[in-house]
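Given the structure of chain A, go ahead and fit chain B onto it with the hints provided.
Protein chains in written order, with numbering that gives the first Met the number 0: chain A, 0 to 320; chain B, 0 to 320.
Think of the hints as simulated: they come from the structure by calculation, not from any bench. A few of these clues could be false.
[Stated by the list, open to error] Covered by chain B, per the in silico footprint, the following chain A stretches (three or more residues, Cβ under 8 Å):
hint : region
1    : 27-41
2    : 62-73
3    : 77-91
4    : 127-135
Cβ atoms here follow ideal geometry from the backbone N, Cα and C, with glycine treated the same way.
Number of protein chains: 2
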Amino acid sequence: MGQVKRPGEFELIAGYFRPLAGGRPGALGLADDAALIDVPEGRQLVVTADLLTAGVHFLPDDPPDLIARKALRVNLSDLAAMAAKPFAYFLTCAFPETIEEGWIASFAAGLGRDQAEFEVALMGGDTTATSGPLTLSITAPGTVVPGRGLRRSTAKAGDLVTVSGTIGDAALGLARLQGRLAPVPGDDYLVERYRLPQPRLALAQRLAGLASAGLDVSDGLVADLGHICEASGLAARVDAVRVPLSPPARKAVEREPKLLEAMLTGGDDYELLFTLPAGREGELADLPVAVIGRMVEGRGVRVFDAAGEPMAMKRSGFQHF
Amino acid sequence: MGQVKRPGEFELIAGYFRPLAGGRPGALGLADDAALIDVPEGRQLVVTADLLTAGVHFLPDDPPDLIARKALRVNLSDLAAMAAKPFAYFLTCAFPETIEEGWIASFAAGLGRDQAEFEVALMGGDTTATSGPLTLSITAPGTVVPGRGLRRSTAKAGDLVTVSGTIGDAALGLARLQGRLAPVPGDDYLVERYRLPQPRLALAQRLAGLASAGLDVSDGLVADLGHICEASGLAARVDAVRVPLSPPARKAVEREPKLLEAMLTGGDDYELLFTLPAGREGELADLPVAVIGRMVEGRGVRVFDAAGEPMAMKRSGFQHF
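Extracted from the complex, chain A is given alone in its bound form (with noise of 0.2 Å):
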């Protein structure tokens, strides 16, 4: 860990952050300018960084446990993206000096829980004071069998598009919590999903070597299709009503239809975007994935509604409406 910007540094790393880094001896207990990583042999390193902020990429007064959790689980889904397995991650925060220990201890506690989850440990970072929003940058390391890592660039003319679980409920879950919807039946659902999402990385395993190219959403459905088309010099084609929604997200749209496009547009998915070969789509059966479209030759990212028309898109990328 680094410098020490105030007085409790040093107690705070011991008190909290240290018993996260517990039976890793690489992470030498937080203790020294850096941690030793031994990657398996055979194994490439998969390296992801995301930075987050308040106010940005969750609420000043979201849970500091959910806040911790977020952050991780952004870091695992960018590796998941990558069909790599996570292990460790290295945290830096910058905390406003509001924040008191005990909301230490929660985003600590966050943290603990999903470290446990997710098989990963704390290996190294540093703290510091801000007079600015909290803000917390993960870096990632993860391992990949050489070759067999999930890319952007690697799509085919004719392959399948593909996503993993429900599109929307992280971009309703926000609005809800800002007010900006009415309750819908179930949106504790949708407000969980914006605050907690599940990195997809059993299904990342199943992708490797099956899937043609893939990415996770977090700009948006439709702004990270457009990566993908980019990356590999296509187009995509997508049905809109093929797209996966949870029954609150449904009843949501049913009472206000133009929700919809918000939806396909919000961030904060975390689900995988990826493209299949067609014909393998059954490998996947007994999977949450759904097949929303077709990649095809041009450029651009073109919607369908139920009636087949084109619809039109305001936004493409992240922007919370």
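Frame of chain A; chain B shown alone:
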């Protein structure tokens, strides 16, 4: 790179950051969810992470290229502290909305300059806008021959306490920038030492297998020696007159002797502080390193003045005086 927070973020990455990944196929053009890294056989990975924020680690109006280079060098110094060789880095940035493109161009140019000097490349990261101060987090992987990494916990009683370069320049440079120190001949050098640390990577390679313990001086000489003492279960004695000072720092102390304490406890030196088995100091005779004391049984760090009296230290840790 992760979510997009403001218009132009993609262009920012494409225009200024993607070129910094040039020549590293594993960076995937910063266009995928994560980077691929092959760790050479027979090398162990060493990873450090540091967060820097305006007003704490640098001044908001410091030149942007120097802010970038300092952020990178602070991490490279941590790798030097482990006797590791750097090869890459991951950078996450929270940029205030007021920062203009020219600022970012200069920032990226600074990174590019240091990449060439230290043979590292940007392999991934994230950018976001923030309502708070500029905040940078760098995670830097390096490699070391297993078992040859420098640690804090392995000093032995009787070992010589040794330091590279000169101590206290950065603390004086900051004081000068903040108007707390009257002009001193050569104080430009002091300011440069604050703004642009010199990671001792070449020295670090010489120390692997020779030094018994070590770290880099970031919290201040006394505090960092205290870290070695604590981790090794020992005490240290230091003779203040043996601590190497630069000519302008020496002039400042001659004028105002009480500055010495601030220099021994100020941070940001980024020199290597290490312990050598007695009798082996001759092996570093060609290098700018100085023996300043000895590891002994006990606890804590004691600093003795020219008369052999113990100096009273008001502070031991990082506190920009």
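For each hint, the structure was consulted:
1. Coverage of a stretch by a chain is defined here by at least three residues with a beta carbon nearer than 8 Å to that chain's beta carbons; for the region 27-41 of chain A and chain B the count is 11, and the condition holds.
2. Counting residues of the region 62-73 of chain A whose beta carbon lies closer than 8 Å to any beta carbon of chain B gives 1, which falls below the threshold of three, so the coverage claim is violated.
3. Counting residues of the region 77-91 of chain A whose CB falls under 8 Å from any CB of chain B gives 8; the rule of at least 3 is met.
4. Coverage of the region 127-135 of chain A by chain B holds [criterion: at least 3 residues with CB-CB distance below 8 Å; count 7].
Checked against the numbered hints above, the structure breaks only hint 2 and satisfies the rest.
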